[in-house]
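**Q** So you can see what is in the structure, the chains are spelled out below.
There are 2 protein chains.
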Amino acid sequence: MLVVVCTSLLLLLAVCSGARYRAPSPGPWVIPTVGEPWPKPQQLVNYEGYVVVRPTVFTFEVTREDCDLIQEAMKRYYRVVLQTLDRGIQKRTSRRAADKRWRKDSRFKAYLDSLEIQLMAPCEVLPYLHMDEHYELRINSPDLPGAALLTSQSVWGILRGMETFTQLLWLDETGTALKVNSSAIMDFPRYPHRGLLLDTSRHFFPLPAILQMLDAMEANKMNVFHWHIVDDNSFPYESAAFPQLSKKGAYNPRTHVYTRIQIRLVIEYARLRGIRVLPEFDSPGHTQSWGLGLPGLLTPCYSGSKPDGTYGPVDPIQETSYKFLQKFLAEAVELFPEKYIHLGGDEVDFDCWASNSDILRFMESHNITGDFSKLEEIYIQRLVNTASNLSASSLVWQEVFDNGVILPQDTVVHIWKGDMQKELAKVTAEGHPALVSQCWYLDHLESGGDWHKFYRCDPDNFNGTEAQKRLVMGGEACMWSEFVDASNLSPRVWPRAAAAAERLWSTVEVDFDEVDRRMEEHVCRLNRRGIRAQPANGPGYCPYIFY
Amino acid sequence: MLVVVCTSLLLLLAVCSGARYRAPSPGPWVIPTVGEPWPKPQQLVNYEGYVVVRPTVFTFEVTREDCDLIQEAMKRYYRVVLQTLDRGIQKRTSRRAADKRWRKDSRFKAYLDSLEIQLMAPCEVLPYLHMDEHYELRINSPDLPGAALLTSQSVWGILRGMETFTQLLWLDETGTALKVNSSAIMDFPRYPHRGLLLDTSRHFFPLPAILQMLDAMEANKMNVFHWHIVDDNSFPYESAAFPQLSKKGAYNPRTHVYTRIQIRLVIEYARLRGIRVLPEFDSPGHTQSWGLGLPGLLTPCYSGSKPDGTYGPVDPIQETSYKFLQKFLAEAVELFPEKYIHLGGDEVDFDCWASNSDILRFMESHNITGDFSKLEEIYIQRLVNTASNLSASSLVWQEVFDNGVILPQDTVVHIWKGDMQKELAKVTAEGHPALVSQCWYLDHLESGGDWHKFYRCDPDNFNGTEAQKRLVMGGEACMWSEFVDASNLSPRVWPRAAAAAERLWSTVEVDFDEVDRRMEEHVCRLNRRGIRAQPANGPGYCPYIFY
Numbered sequence: 001m002l003v004v005v006c007t008s009l010l011l012l013l014a015v016c017s018g019a020r021y022r023a024p025s026p027g028p029w030v031i032p033t034v035g036e037p038w039p040k041p042q043q044l045v046n047y048e049g050y051v052v053v054r055p056t057v058f059t060f061e062v063t064r065e066d067c068d069l070i071q072e073a074m075k076r077y078y079r080v081v082l083q084t085l086d087r088g089i090q091k092r093t094s095r096r097a098a099d100k101r102w103r104k105d106s107r108f109k110a111y112l113d114s115l116e117i118q119l120m121a122p123c124e125v126l127p128y129l130h131m132d133e134h135y136e137l138r139i140n141s142p143d144l145p146g147a148a149l150l151t152s153q154s155v156w157g158i159l160r161g162m163e164t165f166t167q168l169l170w171l172d173e174t175g176t177a178l179k180v181n182s183s184a185i186m187d188f189p190r191y192p193h194r195g196l197l198l199d200t201s202r203h204f205f206p207l208p209a210i211l212q213m214l215d216a217m218e219a220n221k222m223n224v225f226h227w228h229i230v231d232d233n234s235f236p237y238e239s240a241a242f243p244q245l246s247k248k249g250a251y252n253p254r255t256h257v258y259t260r261i262q263i264r265l266v267i268e269y270a271r272l273r274g275i276r277v278l279p280e281f282d283s284p285g286h287t288q289s290w291g292l293g294l295p296g297l298l299t300p301c302y303s304g305s306k307p308d309g310t311y312g313p314v315d316p317i318q319e320t321s322y323k324f325l326q327k328f329l330a331e332a333v334e335l336f337p338e339k340y341i342h343l344g345g346d347e348v349d350f351d352c353w354a355s356n357s358d359i360l361r362f363m364e365s366h367n368i369t370g371d372f373s374k375l376e377e378i379y380i381q382r383l384v385n386t387a388s389n390l391s392a393s394s395l396v397w398q399e400v401f402d403n404g405v406i407l408p409q410d411t412v413v414h415i416w417k418g419d420m421q422k423e424l425a426k427v428t429a430e431g432h433p434a435l436v437s438q439c440w441y442l443d444h445l446e447s448g449g450d451w452h453k454f455y456r457c458d459p460d461n462f463n464g465t466e467a468q469k470r471l472v473m474g475g476e477a478c479m480w481s482e483f484v485d486a487s488n489l490s491p492r493v494w495p496r497a498a499a500a501a502e503r504l505w506s507t508v509e510v511d512f513d514e515v516d517r518r519m520e521e522h523v524c525r526l527n528r529r530g531i532r533a534q535p536a537n538g539p540g541y542c543p544y545i546f547y
Numbered sequence: 001m002l003v004v005v006c007t008s009l010l011l012l013l014a015v016c017s018g019a020r021y022r023a024p025s026p027g028p029w030v031i032p033t034v035g036e037p038w039p040k041p042q043q044l045v046n047y048e049g050y051v052v053v054r055p056t057v058f059t060f061e062v063t064r065e066d067c068d069l070i071q072e073a074m075k076r077y078y079r080v081v082l083q084t085l086d087r088g089i090q091k092r093t094s095r096r097a098a099d100k101r102w103r104k105d106s107r108f109k110a111y112l113d114s115l116e117i118q119l120m121a122p123c124e125v126l127p128y129l130h131m132d133e134h135y136e137l138r139i140n141s142p143d144l145p146g147a148a149l150l151t152s153q154s155v156w157g158i159l160r161g162m163e164t165f166t167q168l169l170w171l172d173e174t175g176t177a178l179k180v181n182s183s184a185i186m187d188f189p190r191y192p193h194r195g196l197l198l199d200t201s202r203h204f205f206p207l208p209a210i211l212q213m214l215d216a217m218e219a220n221k222m223n224v225f226h227w228h229i230v231d232d233n234s235f236p237y238e239s240a241a242f243p244q245l246s247k248k249g250a251y252n253p254r255t256h257v258y259t260r261i262q263i264r265l266v267i268e269y270a271r272l273r274g275i276r277v278l279p280e281f282d283s284p285g286h287t288q289s290w291g292l293g294l295p296g297l298l299t300p301c302y303s304g305s306k307p308d309g310t311y312g313p314v315d316p317i318q319e320t321s322y323k324f325l326q327k328f329l330a331e332a333v334e335l336f337p338e339k340y341i342h343l344g345g346d347e348v349d350f351d352c353w354a355s356n357s358d359i360l361r362f363m364e365s366h367n368i369t370g371d372f373s374k375l376e377e378i379y380i381q382r383l384v385n386t387a388s389n390l391s392a393s394s395l396v397w398q399e400v401f402d403n404g405v406i407l408p409q410d411t412v413v414h415i416w417k418g419d420m421q422k423e424l425a426k427v428t429a430e431g432h433p434a435l436v437s438q439c440w441y442l443d444h445l446e447s448g449g450d451w452h453k454f455y456r457c458d459p460d461n462f463n464g465t466e467a468q469k470r471l472v473m474g475g476e477a478c479m480w481s482e483f484v485d486a487s488n489l490s491p492r493v494w495p496r497a498a499a500a501a502e503r504l505w506s507t508v509e510v511d512f513d514e515v516d517r518r519m520e521e522h523v524c525r526l527n528r529r530g531i532r533a534q535p536a537n538g539p540g541y542c543p544y545i546f547y
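Read top to bottom, the protein sequences are chains V and A. All residue numbers for the first sequence refer to the UniProt record's numbering, where the first residue is 1 and numbers rise by one. All residue numbers for the second sequence refer to the UniProt record's numbering, where the first residue is 1 and numbers rise by one.
Hints are supplied without guarantee of correctness; some may be wrong.
No copy labels: a pair is met if it fits in one copy or bridges any two.
What the hints assert, rightly or not - The list that follows gives simulated cross-link-like pairs (lysine to any residue, SDA-like), each with its CA atoms no further than 20 Å apart: (1) K248 <-> I31; (2) K248 <-> S25; (3) K374 <-> L360; (4) K426 <-> R470; (5) K40 <-> F108; (6) K339 <-> A147; (7) K426 <-> Q409; (8) K248 <-> T174; (9) K417 <-> V405; (10) K247 <-> T174; (11) K247 <-> S25; (12) K323 <-> R529.
Quick caveat, the hints were computed from the structure, so don't treat them as lab data. This one's a predicted model, so the numbers in the text were calculated from it and none came from an experiment.
Hey, can you work out the whole structure from these sequences and the hints?
**A** Okay, structure coming up:
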């Protein structure tokens, strides 16, 4: 039915990117690559022939600096190597038979029994913005016959390189052993901030679902987990100073909360993968659930002269609001090692403020009558200052900037709507670092494979000086969870977020045929690792996954 | 971000059904009902108070006719009853404490320790079109104090009634026991054919994924599994007479095939749930994968005077084609007990036929030069006759009818595109039974909850006489699998297909607030049974499922 599905879509959506028409033919639409990494390395040179990895023999050998990050990564990637083989086993041929076959194959160069890991500088402990992720990887290259070497100045580069190494492995036709092409890779990210936002307020996600997102992020070299932890609908974040917030604000305080112990666990799990955990406490809007645990925090809305029982944004004229925020943020900054904190600031509803006579009186006395963005400015500026007094740097959603709030130079403006190019030009022209999500909203669905639209988005594509371009830190794929919970999270995010991941890591890619084929392999790779990723390119199958 | 997601969608998709704007407020958007069945029964009367079911004590008691269908259903539904309780356990209060509490509750009427099952006529063995699914269910009704009775003239009605009974159970606030409202239900389906189509050719689905679809169908009172088993991309159907078809046509003949044993297993699993398995062997188009195993079956396409190496539909001018089809269909009719067989007939590409001089010569000699639908007619008529000679009734996609092919009166026309109302009027005016899928394509996605669009579709909504209306057999939700495999099947189909299921079972429902609330409960019900169903109505959570 594809043809007509597609045509009807053309009418329905005026777009049919993924499900573009192909003449009917048997077999898959896209033939996967074999042993091609995602995201694509900056430089990859293939030499003649391949080496064979025998998973039970193979070892990682750390010959310079070492630390828990590397040791833990070794355990993870041994598992991946074995999985790659195990999933492949169909018909076992004997080791000897295999040996004989390879000996006969002129492309067979050697057995590769170890990957040497050379970290040239002491390990860092915590990932951070602008951490060094550069690495070099050589496998049976002319200068390194029969051996493999991964080098980096930074433990983060080592982690990225280990990921790439395991992605280079491909399964022998008979499914009895792993091969790697002789090759040399020099690689580093295009942007330092490559994030995934997860909204755990509209729906709650149990810890395992979050940890699996981190596994998948590592497999895509993403390095920021933006935890949109609370919002209007529920408040699962457990605060020590204000326990009432989750007691009253969570969907279920006994089952639908993130305790401080669980949060530390997520942070550690992410750290081991070189992923920063960036918390967001969005205010003054999007705070309905905060009000349940903290009566008096939100602005009472009036109809006429009486409160109508509903509440608006955080009440910006009460000193108690700022006392609370000071204490609340101090606790958060202590809990999350990340230097940055996201303060939100999006979609502030002015109607409720406008209905409240106390607010209006306050605005009058401050000579800002009628100008609610000025009122918002008063609030946000105190919030940003509070954060910087806690020596935290802030991110805010673009409205804060659009409304003309004066912000510290280092405050990052997070773009999520409107004309991305214009907004990027404006934000960077005023010297603010910028983060892009406008084109990476994973909750925007289209029939058919719609990851191309995410792939086409380029944060560098705006009019600006080199200095302005350098202010673009990267971007984030956003999984708002109005219609997502643990039942559909993984296939909704993957592989669609992988499109953003490659765009943010690799140099701009043009050849969609090559990208499609690499994506096809990557989807099977993710599923092989137990990450449910949905089909990317239409009809097909994963050779070694039996669904 | 919902507001703006939604507005941008209005621009993007010109529709924003599910994700319609709600004023921000804490908590879920939709509060689930408690113990309200989906689909909605034809008649439900609630009486005062409730009875308490103690799962470990509770039994089904068969007091009239009995058979394997009922015995198997009892085992399934005991499990559901226990699941309902188990998932609920949070804080155990002692039985005595519970007893005391209920004794104090004037709404508590009695413990319900059994459901009496009265099947008034001998069991039938196989489900079929127009089987009787009517049932009556009384629970602590005035004429039945402290007891519960399920009666039906048909075992199929008993199955539907047992499903309804378990859906009426709701968990005691403390999560320690199950309650059922005193009530009386008289219920029957609006349409006899309530199907789900699964395309196992674009992607292969392992048996467990198919069996779980059948579990979910039972939970939605759907009764036809339309198995679109083969198509252009792959041929997973194992034929005894023509093993080459799957050997060459499957994605992987060792892992991606449905053996005859597996197919019988699916048929039996479905039979136990009162679900017919309707096989489709779509031809003459959509047969690219057939050609791999049967050289000579498909029409060779020509460019100029030479074959260009590509193939078109089944070659309609070769007697060998019909010899094959005769033998192939005979085998299928023997394997599938279902009286109906779906012969496809959609999207036949005439270009290849037009390029082939043998075809053109044949058409000339039959005085149908230029009229390719006449050529299609020759093919389809022989196919339909072959089926009826095997005493099978046929379904065909609407093009066959649209192209004016003369069909036997009882051939069902399956509507999937264009103006549904006009098509229904035309098809039924000519006395053909009709089946509707046009508005239930599950591969058509929209951001936000989009099940309302499926729910609004009404197969009765066309201009026609009562006689014409009676010719509408029902409909099918279609899961074409270009972009679906086992990684995302379940949350893609559920709860969206449930909208079609209720439309096809219940009287037309208008109050969307009530429907939303019942759907909210139903989604949690499905997840509690282990069926991954995605959120239907925006932010919220399942009380007793911890994701």
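**Q** State for each hint whether it applies.
**A** Against the structure, the hints:
1. K248 <-> I31: Answer is between: at 17 Å across copies they meet the 20 Å cutoff, but 52 Å inside does not.
2. K248 <-> S25: between (58 Å within a copy, 14 Å between copies)
3. K374 <-> L360: within (12 Å within a copy, 78 Å between copies)
4. K426 <-> R470: For K426 and R470, only the intra-copy Cα distance (14 Å) is at most 20 Å; the inter-copy one is 64 Å.
5. K40 <-> F108: neither (25 Å within a copy, 66 Å between copies)
6. K339 <-> A147: neither (40 Å within a copy, 65 Å between copies)
7. K426 <-> Q409: Only inside one copy: K426 and Q409 sit 14 Å apart there, 69 Å across copies, limit 20 Å.
8. K248 <-> T174: Between. Shortest inter-copy distance 19 Å satisfies the 20 Å Cα cut-off; intra-copy 58 Å does not.
9. K417 <-> V405: Close inside one copy (18 Å), not across copies (53 Å); limit 20 Å.
10. K247 <-> T174: Answer is between; shortest inter-copy Cα gap is 18 Å, intra-copy 56 Å.
11. K247 <-> S25: between (58 Å within a copy, 17 Å between copies)
12. K323 <-> R529: neither (47 Å within a copy, 47 Å between copies)
Hints 5, 6 and 12 from the earlier list are contradicted by this structure; the remaining hints agree with it.
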